[in-house]
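We have chain A already, so just place chain B on it with the hints.
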Amino acid sequence: MSDSETPAARRAADYEGALAGADATVAAFGEGPASPIERLQRFLHAFPIAVPVIVLVASVVLFSLIVGNRFYHPYNLSLVAQQVTIIAIIGIAQTAVILTAGIDLSVGAIMVLTSTVMGRLAVQSGVPAELALLVGLGIGTLCGTINGILITYARLPPFIVTLGTWSVFGALNLWYSASQTIRAQEVAAAAPLLQATGAATSLFGARITAGTVLMLVLALVAGYVLNRTAFGRHVYATGDDPEAAHLSGIDTSRVLIAVYALAGFVAAVGAWALIGRVGAISPTSGSGANLDSITAAVIGGTSLFGGRGSISGTLVGALIVGVFRNGLALGGLDALWQEFAVGILIIAAVGVDQWIRRVAQ
Amino acid sequence: MRTYSSSRVAARATLLASAAAFGLALLAGAPSARAEDVLIGVITKTEANPFFAKIREGATQKAAELGGVTIQSYAGKFDGDNDSQVTAVENLISAGAKGILMVASDTKAIVPVIEKARQAGILVIALDTPLDPANAADATFATDNVKAGELIGQWAAKTVADPANAKVAFLDALENQPTVDAARDQGFMKGFGIDPKDMSRYLDEDDPRIVGHQWGKGSEEGGRTGMELLLQKDPTLSVVYTINEPTAAGAYEALKAAGMEGNVLITSVDGGCPGVQNVKAGVIGATSMQFPLMMASLGVEAIVKFVKTGEKPAPTPGLDFFDTGVKLVTDKPVEGVESITSEEALKLCWG
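Protein sequences, first through last, are from chains A and B.
The opening residue of the first sequence carries number 661 in this note's numbering; numbering runs sequentially from there.
The opening residue of the second sequence carries number 2 in this note's numbering; numbering runs sequentially from there.
Next comes chain A alone, as it looks inside the complex:
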């Protein structure tokens, strides 16, 4: 644009003249003629869950066509649900944290640490399994509370705090477990309660585990708390604009500490589900759950900038990842390409989220 007679320059010279031919309407809400794309954009903005659900349904149909009845058989679909249970539970914790515009890189480490604590206490120290489970849940909550306190009172960024505690909790886990796995048979003999989340019933050929039910119950409770309670609205408000939330009388420090503490608690519940699924208690199982949980949340439409997203979205996001990994593996594709597909999904999910957001501007 070398021409000095740009529209902007002309407008600057003559404010009033620039209005000639402009729309005389002062303000309007979504009433003008909209193109189908704009209508779709508005629909998606009003129902953020729609995108991940559409992707999930499309991928199930796609893999059913490619792989055939080994894929869409109820048993296999329930298998996918089992395989994503851990990621979805940790994803619930992660979503609550991301809604506050934070991130929790330590959730996986908290889960592994608490599983080790539960196992060592119940199997090797003779503590009753019920008590060991409660101590584990307590330790998880404590770990989360430490994150929350460091973030609010020491005023450190969540990324840094949880990057640090990821290492700290991970090291404590290796130290406490002495890097040793507790065998599934030992757990079954000494503390069957810890494996209770692995119990399953058959339903029309599907295999539903207690862990999957636990995941759904947790999601319902978390969804209710976030959408229907004052605390939930405070979480969204704190993530959307902490200054505004603070000025409107929300104790944002307390909200943040509570959210990180709850994330730690949910991670410890995830540890229980992990023991049920794996059988054994291993100091390395589930250590990648932190990144997987962020993946599930992002694909499920939760914005990393805070204030926008939902638990149901994360649940669907985790299922999308599970369906891709299962479908591609049954289709005979290398694990390498499974990771490739998940990477593309993450980028596409954020791209779609940004596109929908433009409606609001």
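Keep in mind the hints are simulated off the structure, nothing from the lab.
Note that the Cβ used here is the ideal one computed from N, Cα and C, for glycine as well.
Don't take every hint at face value.
Far from chain B, some chain A residues (derived; all Cβ distances over 10 Å) [claimed, not checked]: (1) A710; (2) E790; (3) V795; (4) L834; (5) V938; (6) L990.
Stretch-level coverage of chain A by chain B, calculated; a stretch enters the list once three of its residues show a Cβ under 8 Å from a Cβ in chain B [stated by the list, open to error]: (7) 725-739; (8) 836-848; (9) 993-999.
Coordinates of chain B only, in the frame set by chain A:
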């Protein structure tokens, strides 16, 4: 505008001060090498694997027994972490180490820094995993992984009902096929009677008995998910090869969930105590046992000998490494394959 109240500033200062104090306390408590001691570095892949814990233990025990030897151990942060291992070697060179025992995470990428260490007069012994090329280290003390795989392959071929029509599933370690991973997998195929084609890599075979390969990262969780997928691919499978015993334990959980734990033979490699107990419990049909404690203590001995006499360790005749031995562990012995029982193995496990 954010403002800091004075109490927040105070809280922050206290935190920083206590963090600094904690750091100093750790430094003060760290063991310091006596100048006259022979310094030996032990570098393993991770802190998390009990196999590597046994290697550190073996080196430390031998050092205490010999006297005048200081062990400094390092580990990567995750399996495949080359950078931390490079840093560890550099630190050992500048600390004046006389020898390094190394379990390499990336057998190719570690070679340049190993060359630097050897130029500095350090004796480098690769433990467990040969470097690529193997002669980049002064010596390799390792399990014959091909033989370890071959033993369980032979056992499976003689144990399964109809080896010519058996369906075999593979639970390997990582997609990039580390040398150990490929050697065990291909050894199994050789032992079972599957043409492995190129012995240095899997996935190039075309035997219809192969159900498929999944990657379990050597963990229970990966073993379970991988087995679930392979079962979905072919529910009639009859034999499972697993890279190590945690993977085997995970595979068993998946088979149990599908009600197939009695119909499938599980084989594995490692010989860790939990793995041997799983052989005893009937979870694993047969496993090949290796001897990490011995690898490390022989390594320390070799370095001390080198410092005193300048003599370097020699490989086992016919191999390009020193074979630290492997034994088949099973409670269902078969004709023609030498094995020990789980009872005997429990006394030896990683001892």
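How the hints compare with the structure:
| no. | hint | in the structure |
| --- | --- | --- |
| 1 | A710 | holds (30 Å) |
| 2 | E790 | holds (23 Å) |
| 3 | V795 | holds (23 Å) |
| 4 | L834 | violated (5 Å) |
| 5 | V938 | violated (5 Å) |
| 6 | L990 | violated (6 Å) |
| 7 | 725-739 | holds (count 3) |
| 8 | 836-848 | holds (count 7) |
| 9 | 993-999 | holds (count 3) |
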